[in-house]
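Please build the complex by placing chain B on the supplied structure of chain A, with the hints as guidance.
Taken in order, these protein sequences are the chains called A and B.
Under the working numbering, think of the first position of the first sequence as 1, with each following residue one higher.
Under the working numbering, think of the first position of the second sequence as 1001, with each following residue one higher.
Just so you know, not all the hints are guaranteed correct.
Just some of the chain A residues that point at chain B, by a computed CB distance under 7 Å [unchecked claim]: (1) 26; (2) 31; (3) 61; (4) 71.
Honestly, the hints are just simulated from the structure, not real lab data.
Using N, Cα and C, we set each Cβ at its ideal position, and we do this for glycine too.
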Amino acid sequence: MNISFGSPENSSTHALFDSASNPHPNAPDGTAFVAHGLTEVTAKVFGPREVQSRRDAIHDRANINVQVTMLPFSGGAAGRRHGRGDK
Amino acid sequence: MARAETRMTTFLTLEEHHFTLLRRLLELSALIKSTFEPVIQTGLYPRSQVDIVVEIHQQDGGVLQTAINATTIALMDAGVAMYDQLVAVSAGLHSEAVLIDLTHYEENDMPHLTVAIMPRSGKVTLLNMESRLHVTRFENVFKIACEAAKVIRKEVGSAITNRTSSLVEAMSVNEPSSQQRARNDMEE
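Pulled out of the complex, with its shape left as it was, chain A reads as follows (with noise of 0.2 Å):
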């Protein structure tokens, strides 16, 4: 995705691929990809934000909520045997 700036005459382009050009929403405040070799993960961020649930919220300081999804195929036991459904 290019976004250009200027006037025809003066202009440059510039790609750039993050949320503050495509603000959808639900999209992560911050991303990452990194690769060691061929291990490959993604991290997205959300936040600071306000508390999604009041029991969550500490009074003075931020809560840190962490999730870890392994894709299926990625190599791990997700990627074994999915069963009956795959014959």
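Frame of chain A; chain B shown alone:
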């Protein structure tokens, strides 16, 4: 307080290793949370939450180190205030040789650990070892892992700098004075 939500569609197709996989993901979540608790300036955001979602696309060992490095960059990208850029590296010992950044087969073959350090202060926020390593050999492995973390810190730093400078350039094309000001700010 780690809230781990699982996607049931993925797990419903598993017949074997269901609970061990779920437990491993919960453990990774808890480790990453406790690793970043002292790094993120949580005092700046009272009554707020920071949600980190880590997706493992491909794994060949070193999942925890990669997850931590990706989380650091994502937190920087989101603009969350941190005390330092946390980096992590895995290391193992094969007879007398210390190996860095192990693959899956290497992890199964030797005692290994994962260290996460804040490079500026040298403080360690995570030291994870799930295998047995003799205490006399530990220090050497640990020292070399901390050295390797400095190399990763450089890579993380340059990735973030490149990203920020391209954003700065894109935002200030028609304003040469603000571009220079922004460049000066960045060099500090």
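Quick rundown of the hints versus the structure:
no. : hint : verdict
1   : 26   : 12 Å, violated
2   : 31   : 6 Å, holds
3   : 61   : 4 Å, holds
4   : 71   : 6 Å, holds
Checked against the numbered hints above, the structure breaks only hint 1 and satisfies the rest.
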